[in-house]
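Enquirer: One-letter residues, chain by chain:
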Amino acid sequence: MPAAAHSAPQPFPYLLLPSYWSSRNRARRREPGDLPRALLFGAVALLVAGSIFYGAFWVTLQLADYAELGDYLIRLGLSWLFLTFLSFLAFSSVVTSLSTFFLSDDLRLLLTAPLAARRLFHARFARTVGQASWMVVVFMAPVLAGVGLARCAPLSFYAVAVLTVVPFVIIPVALGSMVTLGLVNVFPARRARDVLMLMGLIFAMSLVMLMRFLQPERLMQVESMPEVTDFFATLQSPITPMLPSFWAGETLFASLQGGSDFLHAATLWTSALVSVIAAAAAFERWHFTGFSKAQEARKVRVRQWRLLDVVIGTLPLRAVRQQLLVKDLKVFLRDVSQWSQLLLLMALVLVYLYNFRVLDLERIPSMSGVLKNLYAFLNLGMAGFVMATVAVRFVFPMVSAEGPAFWIIRSAPISLRDFLWSKFWTGLIPVLLLSECLTIASNELLGVDPFLKRVAAVTIVFMAFALVGLATGLGARYPRFAADNPTQVAGSYGGVAFMILAVMFVIVTIVLVGWPSSVYLFQRFRRTPPSSMQQALMAGSFVAAALISIGTFWFGMRTGIRALEDMDRTPS
Amino acid sequence: MIAVTGLVKQYGTFTAVNGVTLEVKPGQIHGFLGPNGAGKTTTIRMIAGLLKPTAGHIVVNGHDLAVEPEAAKASLGFIPDRPFIYEKLTAGEFLTFHAGLYGIADAGITPRIREMLDLFELGRWRDELVESFSHGMKQRLVMSAAFLHRPRAVLVDEPMVGLDPRGARLIKDVFRRMADQGVAILMSTHTLEVAQEMCDLVSIILKGQIIASGTVADLRQQAGSADDQLTPLFLKLTGGSGLQEIDEII
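Listed in order, the protein sequences are those of chains A and B. With our numbering as the guide, the letters of the first sequence map in order to residues 121 to 692. With our numbering as the guide, the letters of the second sequence map in order to residues 24 to 273.
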């Protein structure tokens, strides 16, 4: 049998074809829920992009009134914007390149093919640039469009924007990829991924807290205009002019003024070129060693969590449920990508509580009491949305998280009802504790009426049962056993359906609880007891809220149990 | 031809493969046997270019894998134990892409793809997404890809896993025909009947080292056994059947 005649190798974009073909095939074959999901996400994306555009447009327009100071602030603002994106890109590229260069499944296919190392590098690098930077580009486009339109910038500004953003994203991605290359050659890849994941979340957590504790709302006060310049100026440092963010900001600012800044544009492009050449050389030299290491050393020290066995062993649960609980908790605690997200959640909770602490309601003394109670309802609504978000991210994917191992549950002598109930309790306790603490603490900080505190505390219990029940049930009805990670499950058709139902449920509950509470407070303010008709309607409203919660919970769990029992295919 | 000399692979202090030397000549099917964790897959992955050896040399069809990796891989076909295929590509698209990887995606590739799909009984699935395939069908698609570029040497890791009897028969016939046309095949397997039926030579690896090598008759001689079957021989060479202990436990 003659060997096949080999033609000249295809250029590196050929290696990106499977991604393109896959996307095309995915788009051609519609799956149930594609349309509502596309509409929902499309609408949200348009709304966000529109808001960003409008915000950038408005701010730039306002700054036009301040002549030279305005120009200075736009210049600083652009530099600051690029600096923020630069840090995001640097981190994102380190994480992304770990997957694209070392952990991606198709590497096993590509590395056995007769591909030159440099061709493989270019293809994977292009993919890394795309994956690590699309979010930045999508966010930056409406900002730059807003700034450009507000300043009536020439068309060349938009062309320069494209030509600036391209090298601007390439530089941090090339450097980030080289950092990953170094890390993987030192640590086992899977361990490096965990470390990076944790670092990323701590980074995000610190950023959220830092941004909040800087109290940006101070900048909205007219009397603090000098502080605005100080605020931006603190973001400048001697090393800033050495960063691509500065070069990009300067290039764009010059173009915005109708001029050009070839020095900074050339610095950007040459740096991008040099960084790609350096990265290509480094990957050619060390990629295979790193990839080979990534296949090895799966052995990591595992925490046994024996205390968990002991504690759960004392719970008044049947042995089967105890074992399911132990399994779920251990799997969760051993997966860094899972538990580390709790850190981010904690940061958001702290910021949330901090907002209530710094809320200055006493500035309007006559309205203080009314505002406090109004905020209490807003707070209840927010707690509901927080619960829905936590539930869709952590509770909804719990059945799908069984993945291909679900056959173990299906073939074991346990009822699927027991299985789903175990998932429910595992999800309920943390969600209930989180939202109850959040509501009690924030109401305490606000100093709301004791009656409202009690109403809110009880409502949270009902809402937690309903939302966790609904998330557990719909998670079982629309499982995604083949999903790579829980985020993918949360973004599936079932996840979106859950969020829509959950938001509707929260709104209805707030209305049903809010109306009687406000009537009660109003009557007390007027020092007249509510009429018996009002009392009956108030009681009816509270009962209706409770019934809707119970109904939602019951519907969710019943749907889930039935779906599991009727499931005719088990992943294997 | 595949020639491996003094191959070593260490994971930290653990030596998974320890000085493996073997040669698969053109037209030979060489069985690579051993218990779980003996080092079969690690050896095969090193030859395929997926793992970097700690020491030793691998030469494929005259090309040293460390020196000329592209030339070595161009004449090699690899069939892994757990096949990765892009789930959202059709079988036809996957093979077209594969042809491009091996530099043979010219105008004449379409009949070759059809030929391979027909050979592995996947012709009517050409335009179906891989995600809808059963494990056995995916396995056959990977084999179509492995033979698409007419390799002179083929590495196969556990070829029969997930195949139905008809599929298994088909694969055996294809491998035999390929070998008859001069392709060197190194095949790791747990199925001793398959090894006995198909392989011209057999090497047994245990704890990273080849403990026996030759024809089934040679192995019988090495083990000092009169048994015609490979299974008792294999058990004897790799540490006994353990049946007595099982009886005691049960």
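I should point out that these hints are in silico values taken from the structure, not numbers from a laboratory. Ideal placement from N, C-alpha and C gives every residue a C-beta, glycine not left out. Mixed in with the good hints, there may be bad ones.
[Stated by the list, open to error] Okay, the calculated beta carbon distance ranges per label pair: (1) B:H213 with A:A561: 36 to 44 Å; (2) A:S380 with B:G85: 54 to 62 Å; (3) A:R405 with B:V31: 39 to 47 Å; (4) B:P134 with A:L275: 34 to 42 Å; (5) B:F107 with A:M255: 21 to 29 Å.
[Stated by the list, open to error] The calculated lysine to any residue pairs, modelled on SDA-like cross-linking and capped at a C-alpha distance of 25 Å, are: (6) B:K75 with A:F601; (7) B:K75 with A:N605; (8) B:K195 with B:G262; (9) B:K48 with B:G35; (10) B:K111 with A:G302; (11) B:K48 with A:R271; (12) A:K447 with A:N605; (13) B:K48 with B:L229; (14) A:K447 with A:A532; (15) B:K75 with A:L159; (16) B:K111 with A:L159; (17) B:K75 with A:A392; (18) B:K75 with A:K573; (19) B:K75 with A:A237; (20) B:K111 with A:L449; (21) B:K48 with B:T28; (22) B:K111 with A:W254; (23) B:K75 with A:W254; (24) B:K75 with A:T409; (25) B:K111 with A:K447; (26) B:K111 with A:Q130; (27) B:K75 with A:E404; (28) B:K111 with A:E404; (29) B:K75 with A:Y140; (30) A:K573 with A:D429; (31) B:K111 with A:S224; (32) B:K48 with B:D187; (33) B:K75 with A:K447; (34) A:K450 with A:A439.
Enquirer: Quick one: which hint numbers does this structure break? Sort them smallest to largest.
Expert: 1, 3, 4, 6, 7, 8, 9, 10, 11, 15, 17, 18, 20, 23, 25, 28, 29, 30, 32, 33
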